[in-house]
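Protein chains: 2
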Amino acid sequence: MKKLILLALCASTAAVAAPATPEALRDAALKDDVAWEITEGLTTEVGPRLAGTEAEARARAWSAKKLKALGFSNVRIETCDMPVWRRGAESGEIIAPFPARLALTALGNSAATPAGGLEAEIVYFPTLADLEAAKDGSLKGKIAFVSHAMRPTQDGSSYGPFGQARRIGPNIAAQKGATAIVIRSIGTDHHRNPHAGNTAFAAGVTPIPAAALSIPDAENLERILARGKPVRMKLLLTPTFDARGQSGNVIAEVPGSDPKAGIIVIGGHLDSWDLGTGAIDDATGVAITAAAAKRIMAAGQPRRTIRVVWFGAEEVAGCGGPSYYERHKAERHVLTAESDFGADRIWSVTAKLGAGAKPVEARLSSVLAPLGIAFEAGEAHGGADISPLVEAGVPVIDLHQDGTRYFDLHHTPDDTLDKVDPEALRQNVAAWTAMLAIAANAAEDFGRVE
Amino acid sequence: MKKLILLALCASTAAVAAPATPEALRDAALKDDVAWEITEGLTTEVGPRLAGTEAEARARAWSAKKLKALGFSNVRIETCDMPVWRRGAESGEIIAPFPARLALTALGNSAATPAGGLEAEIVYFPTLADLEAAKDGSLKGKIAFVSHAMRPTQDGSSYGPFGQARRIGPNIAAQKGATAIVIRSIGTDHHRNPHAGNTAFAAGVTPIPAAALSIPDAENLERILARGKPVRMKLLLTPTFDARGQSGNVIAEVPGSDPKAGIIVIGGHLDSWDLGTGAIDDATGVAITAAAAKRIMAAGQPRRTIRVVWFGAEEVAGCGGPSYYERHKAERHVLTAESDFGADRIWSVTAKLGAGAKPVEARLSSVLAPLGIAFEAGEAHGGADISPLVEAGVPVIDLHQDGTRYFDLHHTPDDTLDKVDPEALRQNVAAWTAMLAIAANAAEDFGRVE
Ligand SMILES: [Zn+2]
Ligand SMILES: [Zn+2]
Ligand SMILES: [Zn+2]
Ligand SMILES: [Zn+2]
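Protein chains in written order, with full-length UniProt numbering: chain C, 1 to 450; chain E, 1 to 450.
Isolated chain C, as found in the complex (with noise of 0.2 Å):
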């Protein structure tokens, strides 16, 4: 007995001692719940968090709290001053020819409607290209109505050119003297539920009231368009702005043991839309960087220190990926990496190294292969908040999630936990950390890229 008890005890300490290859790491995070841990822990005691607002201060205080319980180092707040852009009340309805309440949503930086709400005749533009061909001056007390033909696609790639009548349509529309402007919710569902996201009005340009009707009413107000008859709707918008608000980023590091081989960046953002609980956008994000950060910790001191970043003030293009750049641009990063597109599984790699780090991207495929991520020869851009530092010139990685129920999603108030799959999410932690076991002790510098 005492035996059998003594050989546990070795085989427990041989593994223990054992070199932990990115391969063991990897296999090992298959089992991880540090991620959902997170995810669940600022879903449901945070919640939605709006940048700049006091929700998005209260998630920096858990972050904080969360990430020197995990034992990283060196974790603090780090913030930055912004205007804030507050919902308020919204509703919508069609007067006529049939009346019918719409579910829609202001888009962030729309202008408010009077106090009653305004009421005015649709002029609908199937594409945003129609609605740049309408004349100057022919919106004048009209709303327009943009729709468009998103499809969901595997890689995301249809909200690029699709997302252009969110972000630009409402300059276009408040330029040729609209009233207001509705759009087609940027998004793949069929839910009665709008898709938020941020919008902005050129300077000059007087911002107008702006905001997204649910697909299915886009739909519907589409079926009644085609009737012939002229379409009223009434719109009620009570969005404030705030002129001194406050974000951050929220930081902690595993310690390399090497200060020369540099920094690598890794994170996601921490603020969301506000409708939803921000799940897969991007609780998903910081929670899947943080817990393969913490796997390499715990395997033994790395080479590389690795710096994750839960960035503030993403969704509204603020001031958190800017802040971090101005105040960290003198140190030696070295690599970069960044997980905003959920957490469904990862299905393809990019990578953007110099090119003295080939044998690293050899060693990337042959990990991750067996994950069923395909080293791919296509570009590599990180996210919104990293992208200062890849403009820069640092090396950076994608790790591709499939993004085909993303906007199904994306800025809803269905963004919930319940949409997280557990097993995907653990897919993610295993490839990150694969890949940060790979890059945080590789010999190879990883050079600089244009």
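Hints were generated in silico from the structure; no laboratory data involved. What you are looking at is a predicted structure, and each value in this text was computed from that prediction instead of being measured. A hint or two may mislead.
Said to hold, decoys possible - Cβ-to-Cβ under 10 Å is the rule here; a few derived chain C residues that face chain E:
(1) Ile95
(2) Pro99
(3) Thr277
(4) Ala443
Beta carbons are placed, not taken as given, at the ideal position from N, Cα and C, and that holds for glycine.
Got chain C sorted already, so can you dock chain E with the ligands onto it with the hints?
Positioned in the frame of chain C, the structure of chain E with the ligands alone reads:
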């Protein structure tokens, strides 16, 4: 060339003149567009039509006009009086320990909260049985929260037992002194859209505010409660009651050639809950039955009269079904069937016919099998609207739709046209057409059933 045209004319004349077998009518119905036209029109041009409201009256007017245009005989509206419950403002939030807005909706017959809402601690009951086991008076000053574990079933049978949390949960909570009750929506989806539906308070029990939380909100609340701290909630509901309201049925007929052969009553319900546009519940039901009846009418006069009834106020257990029965009970009703379970594919048929009608069952089985519909030995019950007829001994046939996703949508804002699969809708029309072709012309008597 002339010869060819003549041949074509002859062929076409021959086709029209050929006896329209149930099989031929069934196959032609697989190209039906009438059911879609009705469903699209009713959801687009009328939209939500809560029983007893002006919207339901508009739906009756729309329907009578449509049924006349389709060529039916004796199109008429038969009104009836009933009290009306109307939704007011509604909102809710968790105040502590973690603030969170809740997606919820008042249940039909819910009482109103004070105008400023009410705030109280939540007491959690995982199941209705747990609420039933609570001591009298133990809920004083509290909000009861009742959950359940409803899962999708093809035959919809989970709705019976799990739906009790909505049907009788509020009455039980009121009896035990609760200030209010919230339940996990009776549904099987994971969207931030609560499921409406009726509840009832017994005579002598003072109604309390009663609402359904969306399923993600209910799950979030369960996770918050699992932290073990007291959970406080704010609830605002301002529904109103109006003792004087009117509902009614819209009736249309295909007169039979043999007055002694009796009347077949088919239909669905015209009213809907107010959050969606009542597409699958029950625009498709009225559409399928009318489209099938029109096909029988177009094929030549049937032996029996087919009476299509679009009932009012089904959702609120209102006056539509009972008033039809009271007015028409002296007539010779020989068979009845209702469509009120969406429009996904019909997968089985059951019948309760008199003993002399066995050959009819065999013919039904044979004509429906190619549509993937199995004749099963189980009971037939009809829908709520025709239950007074069924209780009085009128034979009944049930064409069972696949209900796997029905309770994802049932009574939610998501019950909209985009949820209707046009091909599945056609399969429904084909099944109903084949059934009517046999039943309306059968030489056999269907007898009476207990
Ligand atoms: Zn994001
Ligand atoms: Zn986002
Ligand atoms: Zn129904
Ligand atoms: Zn219903």
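Evaluated hints:
1. Ile95: 13 Å, violated
2. Pro99: This hint holds: Pro99 of chain C lies near chain E, its Cβ roughly 7 Å from the closest one there, short of 10 Å.
3. Thr277: 7 Å, holds
4. Ala443: 45 Å, violated
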